[in-house]
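Hey, can you work out the whole structure from these sequences and the hints?
Protein sequences appear in the order of chains A and B. Under this note's numbering, the first sequence has 99 at position 99, and the numbering climbs by one with no breaks. Heads up, this note's numbering is the position in the second sequence plus 1000, with the first residue counted as 1.
In short, the hints are calculated from the structure, not lab data. Where hints are given, some of them may not hold.
Facing chain B, according to a computed beta carbon distance under 8 Å, are these residues of chain A, among others [as the list claims (entries may be wrong)]: (1) V52; (2) I74; (3) E75; (4) S78; (5) K104; (6) I107; (7) P198; (8) V199; (9) G205; (10) I213; (11) L220.
Built from N, CA and C at the ideal position, the CB exists for glycine as well.
Below, each chain spelled out in residue letters.
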Amino acid sequence: MGKQTRRDFLKVTAAIGGTAAGITALTPKQAKAASPEILSEDRMGVLVDTTVCIGCRRCEWMCKKVHGYDAGDIETYSNEEVFGRMRRPQNEGYTVLNRYDNTKNPITPYHVKVQCMHCDRPACVSACIVGAFTKTEKGAVIWDTDKCIGCRYCMVACPFQIPTFEYDKAIEPDIRKCDFCYERTAEGLLPGCVDICPVEALTYGKRRDLITIAEKRMKLYPDRYINRIFGHTEVGGTSWMYLAGKDFSELDFPKLSDAPAPGVSESIQHGIFAYFVPPLALYALLGGIMWVTKNKEKKSGEEE
Amino acid sequence: MKKLIKHIALIIFVSGLINNVTAQTHSKMEFSCQTCHACETPTKSNPCLIPCPREKMITVYQLPEQSPDIIVLDKMKSREDLYEPVQFTHRLHAEMAGMSGGCAMCHHYNPPGNVVPCSDCHSAERKREDISTPDLKAAFHRQCMDCHQQWSEKVECKSCHELNSSGKSAFDKQRKASERVHPPIIEPKKLVYNTPSYEGTLVTFFHNEHTNLYKFECVDCHQNESCAKCHDTRPPIEDENILFAVKHKKCASCHDTENNCASCHTNKETAPFNHKQRTGFALTPYHTKINCVSCHTKAKVFSGLSNDCNSCHESWGPENFNHSIVGIELSESHIEWTCDVCHDNRNFTAKPSCNMCHDEDITYPDYEPGERTK
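Written out as structure tokens, the structure is:
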């Protein structure tokens, strides 16, 4: 995605590190999460209607296909046995569907598509120590595999636990997650999953239009939907938003406040490294302990 | 040359006539214009249509026999067509739709007049400006899946269309299906529900009473029902969590389901509704032919009416009551009198008396005030 290689990055870091280690350590890192101001008013998003989705899993197939993985025979995706257990996105398939009971009409269960939510204020961008992650103006949260050093901070920071890691790769393992089909959309195509969905449970459009549409649906069909758009305000708003027929907590959505997630990760990170005091304090403490135990050993040796 | 001009003129005249007819039927429909149009005077160039889904539904009706047999659904534009186009057995589905919402099941928001092609409102392209209505591919799938998902309990793309790459086709299967006809539905007389209610587990529902006596139309209760309403092969799920309101929804539009449980939930099957037994007022012979609401005019209140005829027919007198309807056509000497001359205190259920004019030996029914008509 980016043009900078890991070698370039290391060179730059080494140069900076040699001359300005003290200075950088003493200035708290600026928030890297996109501030709302740089986001385009016309940024894109997807509205996922979990009451419309029929659970055909064609989005899973298409996702693998457009990202160059072996997607296998499309008809095998009609196999519903996979709904027996909860699944998470993998590093070779950035989206999965999970099934949930519909007590209003047991014959048509709900299906929840799981993938990166593409937060407006993404925690991964903020947590990434090498600046590999970017929130684009148009909505997608993308990352530069060449910059990635595999620290997996993004995995810890993500409130939705989306980024996955290529643990099976010994050499240059990468972080993997939904990239909102960044390359396809740049070509004027729809994201793969949106393109293939037979029922258009995934509506792709400007985020503000999607909110209007979602509100209209909830107003028109109050029996069908609960009155909430997940992702409208959660963690500062997300590009992917959800409508549901029952409480989001019953659909395994995390309970999140409206405060942007970077607030949490940044305060922890900044807390640890604030003005270099905590590391110095830690070294001082460790040094103290070392000194005390050394003295003890000396004493006990003398006694013998 | 003259002939040609004549012909052209005739064609223009006729086509103008046809256009006028459509316009007239369109504007003469019993719907309010505001159901579909946002402005006061919609024109052809600016119809100012309210975007779908509209809050109100209007639609067309056509007999299934007059509708197309098979429609090939191939208007969707996709970069790569994975599946073959569906050969949709339209007539067969139109016949089946008669059991639930009729044409409106699929042809929603169709202005009166002609049947509008689905693609007029639903874009053939998924990438589009107006995303407020689903695109054509989604519109078709949603309509189909609504029933087929419930019908077959699983999602199988190839039951309607095969993969293009497979070299197979579902067309023959669909051709065969188009020859089938759904047998007519026989209306049940009585349905007894065994409910998980704590007191009174049986609910006897007299279907025939609701249609014949209470004059319900099928669609009053059976709206947008899918095939699975009858053809659900799954065992019924007795889930306590299914909301009370959902279960009682259809009954609650007339019955007080919140407070009056015992009127439906009993320990044994109940007898059909009998107006005389329940209220002491027999509907025969005159009142069986009218709707309940003709007398019980207060919405949802069916008690409190008196057995006294005058409580409803206070204004009836010799000038507006055709006495022959009760079986006696009054003679000329009797026809002028007011009712209470014979019917003391306008009590029409008691025996009429003749004493006002006649001697005591003249009594009804030995003597009649006119000619018997039945």
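So, going through the hints one by one against the coordinates:
no.: 1; hint: V52; result: holds, 7 Å
no.: 2; hint: I74; result: holds, 7 Å
no.: 3; hint: E75; result: holds, 7 Å
no.: 4; hint: S78; result: holds, 6 Å
no.: 5; hint: K104; result: holds, 6 Å
no.: 6; hint: I107; result: holds, 5 Å
no.: 7; hint: P198; result: holds, 4 Å
no.: 8; hint: V199; result: holds, 5 Å
no.: 9; hint: G205; result: holds, 4 Å
no.: 10; hint: I213; result: holds, 6 Å
no.: 11; hint: L220; result: holds, 6 Å
The structure agrees with every numbered hint stated previously.
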